[in-house]
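Protein chains in written order, with this note's numbering: chain A, 611 to 905; chain B, -1 to 159; chain C, 122 to 890.
Possibly wrong hints are sitting among the right ones.
Interface residues of chain B toward chain A, partial, derived using beta-carbon atoms under 7 Å [stated by the list, open to error]:
#1 20
#2 43
#3 156
Dumping the calculated DSSO-like pairs for lysine-lysine here, alpha-carbon to alpha-carbon at most 30 Å [unchecked claim]:
#4 B:0 with C:179
#5 B:0 with C:153
#6 C:153 with A:612
#7 A:635 with C:246
#8 C:696 with C:726
#9 A:877 with C:559
#10 A:635 with C:179
Just so you know, these hints were derived from the structure itself, not from any lab. Glycine included, C-beta positions come from ideal geometry on N, C-alpha and C.
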Amino acid sequence: MKPFEYLEPATIAEATQLLSSHGEKARILAGGIDLLPRMRAGLIDGDYLISIRRIPNLDYLECDGFNGLAFGAMTKLRSLETSEALRSNYRSLYDAIHQITSIQVKCTGTAVGNLCVATPASDVATVLYSLGARVEITGIDGDRSEPIETFYVDAHRTCLGQGEMVTRVLVPSPAPGTQTVFLNLVKTHADVAKVSVAVAVTVEDGSCRDAKIAIGSVAPTVIRAYKAEAKLKGEELTPQLIQAAAITASGETRPISDVRSTAGYRKNMASVLVRRALEKALRRASDGSTKEENR
Amino acid sequence: MKPEIVSLKVNGQVHQVIVTPNMTLSEVLRGPLDLTGTKQGCGVGQCGSCTVLVDGTPTLSCSTLAIAVRDSEILTIEGLSTGDRVHPVQQAFIDLGAIQCGYCTPGMILMAVALVDENPNPTREDVKEWLGGNLCRCTGYVKIVDAVMAAAQTLREGDCR
Amino acid sequence: MSERLSIIGKSMSRWQAHEKATGAARYGADVKLPGMLVGKILFSPHAHARIVNVDTSKAEQLAGVEAVITWKDIPPEVYNPNKMNLMLRHPEGEIKDTQVLTDKARYVGDRIAAVAAIDTATAEKALELVDVTYEVLPAVFDPVEAMKPGAPKVHDFADNNVPMHFDFPFGWGNVDEGCGESDAVVEETFRSASNHICQMEPCAVVADFSVEGKLTIWSPTQHPFLVRRKIADLFGIAEGSINWITPHVGGAFGKYSGFCVEPVCVALAQKARRPVKIELTREEDLLSTERRQKYITTARMGVRKDGSIVALSENLIVDGGAYYTQNGTTTNVNIGSFLGVYRHPNVAASATMVYTNVPPTGGVRGYGNHEATAAREQLLDVAAAEIGMDPLEMRLRNVKHAGDPSSTGIPMETCPFEEIIKLGAERIGWKEKKARPKGTGSKRYGVGMAIAMDVSGAQPFALQQSNAFLKFNEDGSVTLFMNAPDLGQNVTGTMAQIAAESLGLEYDDVHVVKGETDSALFDSGIHASRGTYQFGNAVIAAAEDAKKQLLERAAKTLGVPLDDLEIKAGRIRTKSLPRKWVSVKDVVRGAIYNFEGEHLQIVGKGSYSPAENPPPIHAVFTEVEVDCETGVTTILRILYVADSGTIINPLAAEGQVEGAIQQSVGYVLTEDYVIDAKTGALESSNLNTYKCPGTLDMPDIEVVFYEDAPVPSGPFGAKGLAQGAICGVTPSIANAIYDAVGIAITDMPATPERILEALGRASVTAARN
């Protein structure tokens, strides 16, 4: 790895101060699971690594059905995965994290770190799009809060300005009657997804009160399939409507071909996964249960 | 970037090592500490052969800065056995054909040790999930899972150290 | 086997498993020598470029750099890295086209220069300072394009990028006529996957000239004596002054049949006059070490209504990459294997080797047999479907039996194909499962099978020689000296079992010294599953030699006839009763500490060159579920039934097969060596993009060994097992997919994208029952 200065601020204020003074040459180091391999491969430069490991109170997790979910900048993916409250309230988020295969990655890697890589292939980000998450940011000029949809600007680019860092993520409590489903397609279990879909569907008396459909790996950022959502809202969720919404959702994608898959396959699969996710949500809603299902 | 002297506690022993911030934990273990049991299979955290336990937590040493773990207890494969006595997980690997070329073995064994600490009664599925981030090219994983299951049973029955 | 065996057939502990479990085992990258330097190679960023100039001056001036080399610093010999060629009586087919460091880059990853420095950071910095002026040339990445007139020429001497074309001279009959007589003729073109074996340990080599007049090399090569000769020839060093050490090897699977980076390492060590270690990163290993050839196989089969095969042929286009390496030998094995399993009166084959500007290929598990078996077994299923016959029945109809020639042409002592096919069929419930409805939803069930035949060595085509010697130690134990490298396949432990059983000792009484050419006798190396069969027989010969000396002494001591003696569990005892006995230890000690003028250090030496080539055979049965909406194949179960004669160590044997199955699952479903079609750069450059199966990607596996046909010529009835163990697995998976969706997936890997595309082309949505 190229040489760098290693800094360990004791507070968030110190960290943002360092970020601000070193500008583009500075990077936050949390778990390092993504950052360090990239630096070793020469894909990223960082003259200053600002470790936030020793700043207290950044690795918390609060979750209940009323106040929603909140987790900090150092909260490990494994902590999220092993939270019973998270699993029962945010099934899709649990499933997305659980299928990240490497235990080592989950024990060391942070959810916020995962989000800050800003890849549209992040399963965690995809789910958070469907849950209406907000990203809390602290900078030298103060705090702000961004909905996750505007946190991302482009592939590998967030809205963070100089001197800003993410301190926590807030996820509102799902409305009563909401089913959350996550599905993806991968080459091997331990691979990054070819395409991921996360839906949050609120069903009341067989009709859809609200629907959020998020799709990952089909555009420079995760996308919400707004047109497909609009098709569903207020309507009875028939198989035909679900299929139509799935096709509409696919139409909202603009995937590329890369080493993992082809644009055509991703576009096609977006439709299949959206349909399957909606069907699954509907089945769970009519079951009225949260029993284990095969993916 | 200046080298500095850092205290690293590895396998119960404190070492004063000269490191630069850009040295990974695996480089320091395999280099100045001459603990070459920890392997370097890919350098990008994908194969698991660099796995060590940091404060009991499975950690990819190729993706960890040595300087960042200076206050932690690090366990490498060398620290698992004492003299002639090996850990039941190691014994099970030896007895049940779970070792062929042996390159993935240290990482697999340490992962298994962490697993049985957290879950003393794993199912085969639990074991497979737990080892999902560790690659092997020789065994097809079958006997590795057999060995972890056997070791877990041995430990439950108390026939150990 | 009339005698009861006490060690053969038992899962004795593996050689040095303890060292591996405790981290004490040293692999190439773990070797540390005083004054050792780090060697790094400069790889070409261009797929095709003339090197106009290399300016190494800045690199040489960097503090901490001890040597910088280019092709100018190395003897100018152009060679072929394939060691197998040294074992051919007539190596005219060998094409020499490789330099240690090249003066023309022929693939992204070609080796341009190298440095040796005090640490990695300095070496990397030095590489950046090596100033190379390239004249970038147009490149060609596809073999069919490469053969067209006007295509960029990879090597000056190869017109149309074809260094070699041959028509198989040992065919028989007339394939066209045979097809004319057939009731059905099927033809398919199969494109094998360009696949890297991705062994867990990235290649590492150390070269050391520290000792005056001696070169010591640590390397994972499978053929220490042969590569030693190549290095001796290349550098003008006497063979006897080179000691080749094999450290622990983290997986080889054939890819170390030739050189990896030894010549560069030796050149650096020679110039620097200090030991040098080259440790490739995973990216460098994936990029510039040998992997599978890509075969485009056009295969044709003519069959009669009764299922008998009348004609079989294959025409190969071999995309072997930028250098010839092992393309000749693997292709020969491919053809022999393709035509060697069934009885058919008309066969033919041809092969066209093609140069392309992609990384070179070599010998990887299966060594050509894998791709040949895949093509043939898939084609057979297509033919069976054409005539409406159960593909299992069709195999039984045509398969060879004992006495028929194997794929090597040597008559087989045993060949229980029928038995293992039937055993597997019953175990998996073939008839019932084949008749099972495929499903009407989006998921389709399929069951498939395939058979394969491999070898117990490269005879009769190549020199195959094993030499073993062992000595008795004063405590009655034995030390066995062997050179056949242990790559994790436990050949060392197996030999200890054979030695112990032969000598009547306990397993723990056999110590093995392995790995150095200085302290072992010539051996042809590890390839073609020859270790157990050939080296095992050499060990038995050495044991018999030593045993004779031991028993002669004991006969004198006990005052009994020689033929009344046997050795059991470390005691030499009479067969007749009442038993007289003396311990091996006492006899040996008495021979060494001998004050009667009859001192003797008992040493046994044995050599073996095979006359037979008993083929290991296997039959594989696979069940899959294919999701026709996503193209995703889930393998439900794999049943592997093998005949390898006597199984010397069951756990070890099973383990090898289970590993082969993992490699096949990856080959068929997930491993894709992707080269950028515009630049020739490797896109699947590390393990985040080259995906090998992990625990969760593996199906349930069952391995069954059929041991009712011990091989008379084999050590305790054993023959080869593991080199070709992958061969039948790949087509069994492909045939299961074929059964599920009714389309033969002929391009590997059978990714979901490919399956979906094939389904779309065929417009199949209904189940094929």
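Hint by hint, here is what the structure shows:
no. : hint             : verdict
1   : 20               : holds (4 Å)
2   : 43               : holds (6 Å)
3   : 156              : violated (26 Å)
4   : B:0 with C:179   : holds (25 Å)
5   : B:0 with C:153   : holds (26 Å)
6   : C:153 with A:612 : holds (24 Å)
7   : A:635 with C:246 : holds (21 Å)
8   : C:696 with C:726 : holds (26 Å)
9   : A:877 with C:559 : holds (27 Å)
10  : A:635 with C:179 : holds (28 Å)
In summary, the structure is inconsistent with hint 3 from the numbered list given earlier, while agreeing with all the others.
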